[in-house]
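**Q** Given next are the chains, with one letter for each unit.
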Amino acid sequence: MDAVLSTCVYCGCGCGCYLHVQEGRVVGSSPSRNHPVSRNNICLKGWHLHEMVHSPDRLTSPLVRKGGRLVKAGWEEALDRAASGLKKCMTKHGSEALGVLSSAKCTNEENFLIQKLTRAVLGTNNIDHCARL
Amino acid sequence: METRYILKKDHLAPWLRRVAKSHRVVAPVKNRHGDTLYAEIDGLDKVELDLAGQPQASAKSFFLPQQEVLFTYRTGKGGYEFHEPATPAPATVYFGLRSCDLSAILYTDVVFMGRHKDPGYRRRREGAILISIACHQPHPNCFCHATKSGPFLEFGYDLQFTDLGTRFLVEAGRSRGETLISQWRPFFSEAAEEDVKLQYQLALEANGLFRRNVDVGCAVRKLAEGEVAEGIWRELADRCQDCGGCAYLCPTCTCFTIRDEKLGPEHGERLRCWDACTLEGFSRMAGGHNPVAREQHALKRRFQHKLRDDVHKHGRPSCVGCGRCVGICFGGVDIVGFIDRLSEEDLP
Amino acid sequence: MTNSINEIENSEVLLVAGSNTTEAHPQVARRIYDAVDRGAKLIVIDPRRTKLASRAHIHLDIRPGTDIALLNGMMRAILDDNLADDLFVEMRTENFYALRDMLYRLDLAEVAAVTGVDQRLWQQAARLYARARKSVICYCLGVTQHICGTNNVQAYANLAMLTGKVEKEHCGVDPLRGQNNVQGACDMGALPGVFPGYQPVSDPKARAKFEQAWGVRLPAKPGRTLLDMTHGGGNGPVRGMFIVGENPLLSDPTMDKVRETMENLDILVVADIFLSETAQLADVVLPAASFAEKTGTFTNSERRVQMVRAAIPPLAESRTDAEIVIALANRLGYSMHYQSTAEIMEEIALLTPIYGGIYHDRLEESWGLQWPCFDRAHPGTPFLHKYMFTRGKGHFVPADHQRPAESVDEDYPLLLMTGRIYHHYHTGTMTRKSAALNRECNEAVLEINPADARALAVRNGERVRLASRRGAIELKAGITERVAPGMLYTTFHFAEAPINRLTVADRDPGSQCPEYKVCAAKVEKLT
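As you go down the protein sequences, you meet chains A, B and C in turn.
Here the numbering used here is used: the first residue of the first sequence is 4, the next is one more, and so on.
Here the numbering used here is used: the first residue of the second sequence is -7, the next is one more, and so on.
Here the numbering used here is used: the first residue of the third sequence is 26, the next is one more, and so on.
Derived by calculation from the structure, the hints in this document are not laboratory data.
None of the values given here were measured: they were computed from a predicted structure.
Hints may be right or wrong, so weigh each one.
Said to hold, decoys possible - A short, non-exhaustive set of chain A residues, derived as facing chain B with CB atoms under 10 angstroms: (1) S32; (2) N37; (3) L47; (4) W50; (5) V74; (6) G77; (7) W78; (8) E79.
Claimed, not checked - Straight-line Cα separation of at most 30 angstroms, DSS-like style, residue types lysine-lysine; simulated pairs: (9) C:K230 to A:K90; (10) A:K75 to A:K90; (11) B:K254 to C:K458; (12) C:K418 to C:K246; (13) A:K91 to C:K246.
Heads up, the beta-carbon is just placed ideally off N, CA and C, and yes, glycines get one too.
Construct the entire structure; sequences and hints are all you get.
**A** The structure is reproduced here in structure tokens:
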């Protein structure tokens, strides 16, 4: 069993949590003793951090709307559809008609890329996330 | 008198390397973040063993995992089909267990290997060889001298190591431990009388180094006699913030819950997971009624179980004095605070 | 936060405002409990009698949305008692006389009437706060989620500056950030007006820097905020959206309007780990990897940038959001290639001065670095504004009490506040998937005072209909003294009881934060 130190994904405290991995499955979560925030304890949400990772409700493949319904699709098809849809919208209504919502759940690196995509590729500053909610 | 041996520190790694050829080895490892955890050792040269510091968690999860698949099921035409997972329980040497953690395993043995034998626990436990290391530097929150589960053990171990500076004094408590020595006998020499005397001296010194004076006996007596004021339970419950951390971290807390997870339309699994009696959902019944008034008694059951019920049942409290729950409580109400409060009442 | 979480336990007076800290920020609450056990004094400003409020030495149970009035009252008490830090005010701040004049004009009887708090109580609190050497203010969304949120924050800052409780260790004004990486998302420029590191998009110099780095022309006009996108605003709603890991359908106010916008989009692309309420409306749904499957960094409330490490590879066919964005960018004709997320961080460090010294290899060797951290030699910054405010001198902005956007009336006589509870998190996309958390709490509960419950003949646990001018939901009533008579409280975690069907979309003009904490409502028995 491996213990991988990571950071809790819930509130803004930022506890250091170990994720315990067994045969490719995260089977436990526990606090770090020397981490300056967690100091060997985390809240109930942290202790059960691993439970949502393997939830049977996780999305397992891309979905594309066909005939009004979301159906399974391959990555190539889904990405093509996403890119062409955004491009079409941009050509038709201009960049200002596009909006991007980034996430407080994503990493810094991902947020950086998302705003870069918005500004440098989609050509708009219409980017926000739920900081105020 | 049992035979005592000496293992030079130079020979620890070579001996363990040989042991690891036929056993899985679990030992306290200081990782690159500075935390010490019991971990499976995959290559002795790649890890830093930490025999001085207390691991941040006990070895409980190796015997009672935080989450464990009991079986998977599939529904077919003929009803349910069940499959027990083929989780291997290899012969494992637990090296460097703290005395408190080893004592805790002896307690969980009583719970899971008593009249009803838990198959998973038994599989893991029967393949386990327990090697403890006597503590001669108790940690600031430790009080195992007050619960009689350390710092040096008299029994329960397969082998007990005592650090004598340049060498370890090794005591064999059981034949399984003795075998590990006889298999690689050239590494060990017989202990001289001064080694045994030195160990005795260290044990005496260790007992004097505890910073906490915890009157466990007083708490046990008061709980047995029902002398704990309702206001105390209420104050504890009011401060408890529902994290479950004390129970999860506790080496002797064995509460678990069982739930079924649907993995698809026709299959799923049954899981056993750690639980905590301090949580509201632990005792709530299907209809919504809760026999425990959480607002007043969130911690009552936990402390009563550890310091009253287990004394009644097994003759000793099931707190092993490891001190891990001390200082981690979000509401500042740990077992030591509780015990201190009861003993302070008697002060003039 | 201007301070570190661990500093809190060494403060002598803690003023906690609009924060149910025990439930929403357990680690901060842990420090508060420790501090109080060591003798610190606790002042809680909250309309509800939260767990923390019940332990407070002084609980100022103001009416929702009256923080400014209360703080003006407190500051007046400080002036009257000569407790202001005159030297600090003289040397380190500006515009004090405007504040002073406003405070001397203050009608104290009106403050008491508006806030509903006894004058002696707030005076006592003011003295306690001002006299201690180390006083810290922690506030949360109870302060910001008002139409006057910015002024509320300014009022707390005024109080801290007036008494010199800033620029020192264990003193400061600390907003508790609600989400694991909300700080980081802001730092990284996931905001309409700023590039990473709060460099304004309208600043030609900043723009030139990013244009050079990215090889394209960049728009100078600040973009639209979340509510502008979902609720229309001046330019009409947007026509195409790309949403990553957010669920605006459940989290945004007046949700029926959000649904309308989403349904009318030409294209909606959603990347998420679950099929959220928002994803169900999408044209394309991209399965994302969870935090356990990726490597990168989060920035916590105390500005600590720390590693997130992949414990397992992405599940099934999912991909990390970074991979998804890179693939989209390349398809849209912009070449984007990174070998690792460490390389992305190098670009962040290059372009973002406050992250200038933050690199993955440094984070691997430590418990993270607190920004500002300007270069590799910089050790990070545990508390901000040491000896000197970032902007130079602290600026007093006097503010007057402002009535909430909506008031109670005969039709909607009760005042509804929304917030979080301990066991769940935001729209529940993740926590509702956890068996243990669902066992502890699996249902929205409407907190109602016993007096109101009695008047409505509602029993504890009974299902009731809760309505505002914008919509209605059904949920379970929980009778408790935690809320005062005339007030209601519930959460927004549960899709079964989507409270944002009811909330108002009026927002603070500065921060664009909606007024989730005040909404006129009524409770009806189900027949």
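**Q** Work down the list of hints and note, for each, if the structure agrees.
**A** Going through the hints against the structure:
Proximity of S32 of chain A to chain B holds as hinted, the smallest CB-CB distance being about 8 angstroms (cut-off 10 angstroms). Using the Cβ-Cβ criterion of 10 angstroms, the hint placing N37 of chain A at the interface with chain B is satisfied: the shortest such distance is roughly 5 angstroms. Nearest Cβ of chain B to the Cβ of L47 of chain A: about 5 angstroms, under the 10 angstroms cut. The hint holds. Given the 10 angstroms rule on beta carbons, the hint for W50 of chain A holds: about 6 angstroms separates it from the nearest Cβ of chain B.
Of the supplied interface hints, the one on V74 of chain A is violated, with its beta-carbon coming no nearer than about 18 angstroms to a beta-carbon of chain B, more than 10 angstroms. With 10 angstroms as the threshold, the beta carbon of G77 of chain A stays out of range of chain B, its nearest partner Cβ sitting at about 21 angstroms, so the hint is violated. Given hint, W78 of chain A at the interface with chain B, is violated; its Cβ is 22 angstroms from that chain's nearest Cβ, farther than 10 angstroms. The closest approach between the C-beta of E79 of chain A and any C-beta of chain B is roughly 26 angstroms, which is over the 10 angstroms cut-off, so the hint fails.
Distance restraint check for K230 of chain C and K90 of chain A: the Cα-Cα separation of roughly 29 angstroms lies within the 30 angstroms cut-off, and the hinted pair is therefore satisfied. Taking the CA atoms of K75 of chain A and K90 of chain A, the gap is about 22 angstroms. The hint holds against a cut of 30 angstroms. Taking the CA atoms of K254 of chain B and K458 of chain C, the gap is near 12 angstroms; set against the 30 angstroms cutoff, the hint holds. Note on K418 of chain C and K246 of chain C: the hinted pairing holds, with a Cα-Cα distance of about 29 angstroms set against a maximum of 30 angstroms.
Taking the CA atoms of K91 of chain A and K246 of chain C, the gap is near 22 angstroms; set against the 30 angstroms cutoff, the hint holds.
Checked against the numbered hints listed earlier, the structure breaks hints 5, 6, 7 and 8; every other hint is satisfied.
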